[in-house]
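14 is the number of the first residue of the sequence shown in the working numbering; add one for each residue after it.
Possibly wrong hints are sitting among the right ones.
Said to hold, decoys possible - Simulated crosslink set (DSS-like; lysine-lysine; CA at most 30 Å straight-line): (1) K59 / K28; (2) K49 / K16; (3) K133 / K152; (4) K102 / K136; (5) K30 / K84; (6) K100 / K144.
If you're looking for bench data, these hints aren't it; they were derived computationally from the structure. Note that this is a predicted model, so its numbers are computed, not measured.
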Amino acid sequence: MAKQIKTSITINASKEKIWKILTDFKNYPEWNSFIKSVTGEVKVGKQIKIKLQGMTFKPIILIFNENSELKWLGRLWFKGIFDGEHKFKLTDNGNGTTNFEQSEIFSGILVKLFAKSLDKDTKNGFEQMNKELKLHAEKH
14 MAKQIKTSIT
24 INASKEKIWK
34 ILTDFKNYPE
44 WNSFIKSVTG
54 EVKVGKQIKI
64 KLQGMTFKPI
74 ILIFNENSEL
84 KWLGRLWFKG
94 IFDGEHKFKL
104 TDNGNGTTNF
114 EQSEIFSGIL
124 VKLFAKSLDK
134 DTKNGFEQMN
144 KELKLHAEKH
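Model the full structure from these sequences, guided by the hints.
Structural data, given as structure tokens:
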């Protein structure tokens with residue numbers, strides 16, 4: 014079973030400015046209440062460590078396209094149990110604003126078990142982070 018959560022927000026800032034904030038992981042505690050910390054070398058093929066509220070996982074970076082897209086793959090225990098492919102994507106709207114999209118495709122045998130929590134808690138976390146990123150980018 015697979016399940017996707019997709020959220021987006023328009024931010025009154027350039028892709029470059031938003032990317033700089035998004036990839037400045039040491040400053041996440043200043044503005045990001047959803048992702049508490051990101052540590053490790055953020056390069057394709059490398060494993061990083063991400064802390065959320067009450068949860069830590071160690072995904073592998075799949076895509077790192079500067080000012081455009083960051084994608085990682087996290088797993089619970091091993092492949093096929095509960096996998097999550099998380100993506101941040103920035104699109105220039107051509108009018109001084111940028112569309113920020115945050116999405117995740119979940120797959121594995123436990124997805125059905127966690128479906129309600131994903132629809133509510135995970136989606137709410139994405140939307141909260143999107144709003145906080147917008148506020149931070151537009152304020153600075």
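A quick look at each hint next to the structure:
Simply put, K59 and K28 have alpha-carbon atoms about 24 Å apart, close enough for the 30 Å limit, and the pair holds. Pair hint K49 plus K16 holds up; C-alpha atoms about 24 Å apart against a cutoff of 30 Å. Between K133 and K152 the CA atoms are separated by roughly 28 Å; this keeps the pair inside 30 Å, and the hint holds. Between K102 and K136 the CA atoms are separated by roughly 16 Å; this keeps the pair inside 30 Å, and the hint holds.
This hinted pair checks out: K30 and K84 have alpha carbons roughly 19 Å apart, not beyond 30 Å. For the hint linking K100 to K144, the alpha-carbon distance of about 16 Å falls within 30 Å, and the restraint holds.
Checked against the numbered hints given earlier, this structure breaks none of them.
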